[in-house]
Amino acid sequence: VEDEGPVAMLIEDMLDELGCRVVASAASVAEALSHVAQDEFDVALLDINVAGERIDPVAAALQSQGIPIIFASGYGTAGLQQDWEDFPILQKPFRLQQLKELLSASQAPGSA
Amino acid sequence: MATAILERTKKRAQAEAALDFEDFFENGSVCLHFVDADGVILHANKAELELLGYSPDEYVGRHIGEFHADEDVIADILRRLASGERLARYPARLKAKDGSIRHVQISSSVRFCDGRFINTRCFSVDVTATVLAEAARREAEQRLAATYEKATIGIAESDAEGRFLRVNPAFGEITGYTVEELIGTRFQDLTHSDDRRRDAMLYRELVEGRRDQYAIEKRYLRKDATIIHVELLSSAVRTPDGRFDYGVRVVSDISERKRVEQRLQESERRSRELLDALPMAVYTTDPTGKITYFNEAAAELAGRRPEIGKDEWCVSWKLFWPDGTPLPHDQCPMATAIRTGEELRGAEAILERPDGTRRVFTPFPTLLRDSQGEVAGAINVLVDITALKKADDEQRVLIDELNHRVKNTLATVQSISLHTHRSSPEAFVERFEERIVALSKAHDLLTRRRWSGVGLGELLEQEFAAYADPVEGRIIMSGPELTLSARTGLALGMAMHELITNAAKYGSLSAPDGVVRLSWAVEERAGARQMHLNWIESGGPPVRQPERRGFGRRLIERTIQKDLRGDLTLEFEPSGLKARMSIPVS
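Line by line, the protein sequences give chains A and B.
Each residue of the first sequence is one higher than the one before, starting from -17 at the first, in my numbering.
Each residue of the second sequence is one higher than the one before, starting from 20 at the first, in my numbering.
Derived from the structure by calculation, the hints contain no laboratory data.
Hints are supplied without guarantee of correctness; some may be wrong.
Label-pair distances were calculated between CB atoms; the ranges are [to be verified]:
| hint | chain 1 | residue 1 | chain 2 | residue 2 | range |
| --- | --- | --- | --- | --- | --- |
| 1 | A | Q79 | B | P347 | 51 to 61 Å |
| 2 | A | L0 | B | V448 | 21 to 31 Å |
| 3 | B | V416 | A | A12 | 21 to 31 Å |
| 4 | A | A19 | B | P373 | 44 to 54 Å |
Each computed EDC-like pair below joins lysine to aspartate or glutamate, with the alpha-carbon atoms no more than 20 Å apart [unchecked claim]:
| hint | chain 1 | residue 1 | chain 2 | residue 2 |
| --- | --- | --- | --- | --- |
| 5 | B | K408 | B | E420 |
| 6 | B | K426 | A | D(-5) |
| 7 | B | K426 | A | E35 |
| 8 | B | K337 | B | E371 |
| 9 | B | K409 | B | D342 |
| 10 | B | K408 | B | E367 |
| 11 | B | K65 | B | D95 |
| 12 | B | K114 | B | E85 |
| 13 | B | K426 | A | E(-6) |
Not the full set, but computed from the structure, chain B residues with beta-carbon under 10 Å of chain A [unchecked claim]:
| hint | residue |
| --- | --- |
| 14 | R424 |
| 15 | N427 |
| 16 | I435 |
| 17 | H438 |
| 18 | V456 |
| 19 | R506 |
| 20 | A510 |
| 21 | A514 |
| 22 | F570 |
| 23 | L574 |
| 24 | E576 |
| 25 | R577 |
| 26 | I579 |
We treat Cβ as the ideally placed atom computed from N, Cα and C, and that holds for glycine.
Using the sequences and the hints, build the whole thing.
This is how it looks when you write it as structure tokens:
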């Protein structure tokens, strides 16, 4: 989930390069929630502030389904609610290698 | 024989009478002595010797003048007696053996026999005690009179109606009249009209015996028409049977005290007015912490009016520490200052008003001391720093927001760099620079309006400015002025940049006569606003459907369709590219 086109394209390309398949790419909380409800995927990469909305409802829905989450944010940990403190976070901008390590840690099957 | 018996009886009676006389002479309580014609003491009785403290040897046989204190007095006495005068209670002073003086009254006469001076018989009565008492009484009277005359407080005696019977000079000075003018005048006539009734009423009670005395502050109207403040103590002197005899009125001038009091009140009133007008919360307490004063600003800050003399330590309703935990009033900085003397500076606390709103403030508790240096209370100034705190918080949010933007922008730059490199490795530097400059210019526009929005017209002009020289008059724009949100402006700006770059490289603007027609309109539907924007190229080289989707196209599709949730159609017609987009706007 990422609301800025160029950044979303970058992340999609990085995931592609790492051998992952991007099931869905959303630019708003509403869009993201509908994908969580409809699609099947192994890991979710979430921006924290999406077009002025907080990502928390999406994170909560993913958590209830037991789907691993990686946060990506310009805020760093400061912008994160306490509920998500223990989840891995990528500080934008990040490198391919950093994304790869976090995907491995989340044990997403596609990253193996 | 009968005559002889009679004679014997007569002699015996005479002898007894002589014995009786001798007893009277010796043991009587009256002092008695005999002196001869030369003044030599022939005999003195026990009472006289005891009065003066001499033994008979020390006294009898000496000249009477030796025992008189006043030579002229004894000379006068002896002269009068010698000339046959009788003395009755003649005052004289005798010298006792112990050096003290005895006052006596002498009654004396000379016994003559056939015209011959036989002796004098002197009866002396000791009047020392009486004389001394009289002298003391006289002195006391003189002293009292002097006190009365010289006293600096006014003293007056008045009759039952209040008429002055006697006044001292000080009373005259206070009222401005002479003593003579005052005698016979009623005190009521000198009293200020506002005080007259009260004084007269109390005096009436005094006269009627319903009270013994009274003390009041009152004003006299002086002879020169000025007003003088006095303290009056009035009491009554009564006859032994309890009837009113005369009134005593003691009056002292308290004008100076009144002036000082007035000045003090005036100064206190001014201080109070100053505090009341101060646009800063101020209140005071006594040494036990009870609130004694608060100004309007304090009531406003607290959102309530504290109860004077009942509320303690602080004017507030509820107090909290900066971390939000409750702060009991008796532990607030003011309470600490009063109890320990430590005047805390720079502390922060939060008060809650009865309506639930909260204010952050900094207290400045300061002890107030009296002239002896004892703590007489404390004054507290509460500085409302709520706005400052809010600004602080806003600044923190702004810095967070800025940090977020910078990081996102860097990620955008990272993406542009990567994709530019992939799509045009041969012209990487040129294309990369163009894109970064375009992004930067869009930022400039947004910054100019503090990121509150951007005008569509100025956004387009900015994007096309880089191409203004070669394409002057070849981009024809038409549409209403429209303000876009910062986010929409930024995304649309990037899409427009890709379109114009493409037109300049491969499209209509790459040919000398090619043009771009750019038109837009806003449509309102069910409360939502939709902007329709058409980009139509013509006059360029024939257009073919591209074989692959380059970064530019991907970026346009991505930003319009996903980021801005709009519709986009790209028609690659031979006459030129047609891009139609429809974007929700606020």
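We went through each hint and held it up to the structure:
1. Q79/A <-> P347/B: 51 to 61 Å: holds, 56 Å
2. L0/A <-> V448/B: 21 to 31 Å: Distance hint for L0/A, V448/B holds at roughly 28 Å.
3. V416/B <-> A12/A: 21 to 31 Å: Taking Cβ atoms as reference, V416/B and A12/A lie about 25 Å apart, which means the hint holds.
4. A19/A <-> P373/B: 44 to 54 Å: holds, 48 Å
5. K408/B <-> E420/B: holds, 18 Å
6. K426/B <-> D(-5)/A: Given that 20 Å is the threshold and the Cα spacing comes to 19 Å, the pair holds.
7. K426/B <-> E35/A: holds, 18 Å
8. K337/B <-> E371/B: holds, 5 Å
9. K409/B <-> D342/B: holds, 15 Å
10. K408/B <-> E367/B: holds, 11 Å
11. K65/B <-> D95/B: Violated, at about 26 Å.
12. K114/B <-> E85/B: holds, 8 Å
13. K426/B <-> E(-6)/A: At roughly 18 Å apart (the allowed maximum being 20 Å), E(-6)/A and K426/B satisfy the hint.
14. R424: holds, 7 Å
15. N427: Nearest chain A Cβ about 5 Å off; hint holds.
16. I435: With a minimum Cβ separation of about 6 Å from chain A (threshold 10 Å), the hint on I435/B holds.
17. H438: Holds: closest Cβ of chain A sits about 7 Å from H438/B, inside 10 Å.
18. V456: Since the shortest Cβ distance to chain A is 15 Å, the answer is violated.
19. R506: holds, 7 Å
20. A510: With a closest approach of 7 Å, the A510/B hint holds.
21. A514: A514/B check passes; min Cβ-Cβ to chain A is 9 Å, inside 10 Å.
22. F570: Holds. Min distance 8 Å.
23. L574: Since chain A brings a Cβ to about 6 Å from L574/B, closer than 10 Å, the hint holds.
24. E576: Hint on E576/B: holds, closest Cβ of chain A at ~9 Å, below 10 Å.
25. R577: holds, 4 Å
26. I579: holds, 9 Å
Violated hints for the displayed structure, listed by number in ascending order: 11 and 18.
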